[in-house]
Amino acid sequence: TQLLEQSPQFLSIQEGENLTVYCNSSSVFSSLQWYRQEPGEGPVLLVTVVTGGEVKKLKRLTFQFGDARKDSSLHITAAQPGDTGLYLCAPRSARQLTFGSGTQLTVLP
Amino acid sequence: KAGVTQTPRYLIKTRGQQVTLSCSPISGHRSVSWYQQTPGQGLQFLFEYFSETQRNKGNFPGRFSGRQFSNSRSEMNVSTLELGDSALYLCASSEQNTEAFFGQGTRLTVV
Chain X
2 TQLLEQSPQF
12 LSIQEGENLT
22 VYCNSSSVFS
32 SLQWYRQEPG
42 EGPVLLVTVV
52 TGGEVKKLKR
62 LTFQFGDARK
72 DSSLHITAAQ
82 PGDTGLYLCA
92 PRSARQLTFG
102 SGTQLTVLP
Chain S
31 KAGVTQTPRY
41 LIKTRGQQVT
51 LSCSPISGHR
61 SVSWYQQTPG
71 QGLQFLFEYF
81 SETQRNKGNF
91 PGRFSGRQFS
101 NSRSEMNVST
111 LELGDSALYL
121 CASSEQNTEA
131 FFGQGTRLTV
141 V
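Heads up: the sequence lines are chains X and S, in that order.
If you're matching positions, the first sequence starts at 2 in the working numbering and goes up one per residue.
If you're matching positions, the second sequence starts at 31 in the working numbering and goes up one per residue.
Mixed in with the good hints, there may be bad ones.
Stretch-level coverage of chain X by chain S, calculated; a stretch enters the list once three of its residues show a Cβ under 8 Å from a Cβ in chain S [to be verified]:
| # | segment |
| --- | --- |
| 1 | 13-19 |
| 2 | 39-48 |
A few chain X residues that face chain S, going by a derived Cβ cut-off under 10 Å, partial list only [stated by the list, open to error]:
| # | residue |
| --- | --- |
| 3 | 34 |
| 4 | 36 |
| 5 | 89 |
| 6 | 91 |
| 7 | 94 |
| 8 | 96 |
| 9 | 97 |
| 10 | 98 |
| 11 | 99 |
Derived by calculation from the structure, the hints in this document are not laboratory data.
Ideal Cβ placement from N, Cα and C applies to all residues, glycine included.
My request is simple: use the sequences and hints to build the entire structure.
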């Protein structure tokens with residue numbers, strides 16, 4: 002089992018601020034997925050990163066996969082209240098996802 | 031295309047009772063996975079079914095069971111409920127080896 006550590010566990014910021022959350026492991030991943038879960042909903046896939054060093058952008062969200070494929074980060078620019086949610090990372094799988102503990106992000110208006 | 035549908039959305043049960051939760055996957059998806067989400071343990075994998083067969087099972091006691099029907103709909107059952115079984119139970123469906131799509135979950139409260 003690949004153990005994933007996400008940090009910080011909780012983050013509360015003002016609208017317009019920038020932030021970065023992290024997903025780390027001692028194991029090497031073939032690929033990694035980021036999900037966002039909003040209150041009362043199931044997780045929704047945001048992105049899959051596959052190549053070490055890969056950077057993917059999704060509007061104001063920038064995802065980076067570490068060169069050694071052991072870690073990943075998610076940077077949000079000019080956060081908005083709509084970004085509020087639980088951000089989860091997991092090694093890519095459709096059948097059995099092993100999630101990190103998540104970062105609960107709250108963006109205050 | 032309709033998403034993953036889970037019923038009921040909310041459920042209150044008493045300790046010792048049993049409960050059955052239902053999941054209707056996206057049309058054409060044959061894989062259905064179940065997860066338990068609690069504040070303390072996060073999102074944990076329960077089991078996965080494909081074409082009516084359980085392919086993977088997480089580290090949960092035998093009180094947790096599931097099944098899948100020929101139309102890919104799935105049910106999970108928890109017997110002899112304990113207070114610690116209170117959680118959000120999520121179902122996800124996928125085509126073979128592709129992205130998993132989650133339902134809104136069933137919020138189970140055991141009193």
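Structure-based check of each hint:
Closer than 8 Å: that is the beta-carbon criterion, and the segment 13-19 of chain X has 0 residues meeting it against chain S, so the requirement of 3 is violated. Only when three residues or more bring their CB closer than 8 Å to a CB of chain S does the claim for the segment 39-48 of chain X stand; here the count is 6, and the claim holds. The beta carbon of residue 34(X) is positioned within 10 Å of a beta carbon in chain S (closest approach about 8 Å), and the interface hint is therefore held. A hinted interface residue such as residue 36(X) counts as satisfied when its beta carbon comes closer than 10 Å to some beta carbon of chain S; here the least separation is about 8 Å, so the hint holds.
Nearest Cβ of chain S to the Cβ of residue 89(X): about 7 Å, under the 10 Å cut. The hint holds. Hint status for residue 91(X): holds, given a least beta-carbon distance of 8 Å to chain S, under 10 Å. The closest approach between the C-beta of residue 94(X) and any C-beta of chain S is roughly 8 Å, which is under the 10 Å cut-off, so the hint is satisfied. Interface hint at residue 96(X): satisfied, since its Cβ lies 5 Å from the closest Cβ of chain S, which is below the 10 Å cut-off.
Taking 10 Å as the C-beta cut-off, the interface hint given for residue 97(X) holds, the closest approach to chain S being about 5 Å. The beta carbon of residue 98(X) is positioned within 10 Å of a beta carbon in chain S (closest approach about 6 Å), and the interface hint is therefore held. Taken as an interface hint, residue 99(X) checks out: its beta carbon lies about 7 Å from the nearest beta carbon of chain S, inside 10 Å.
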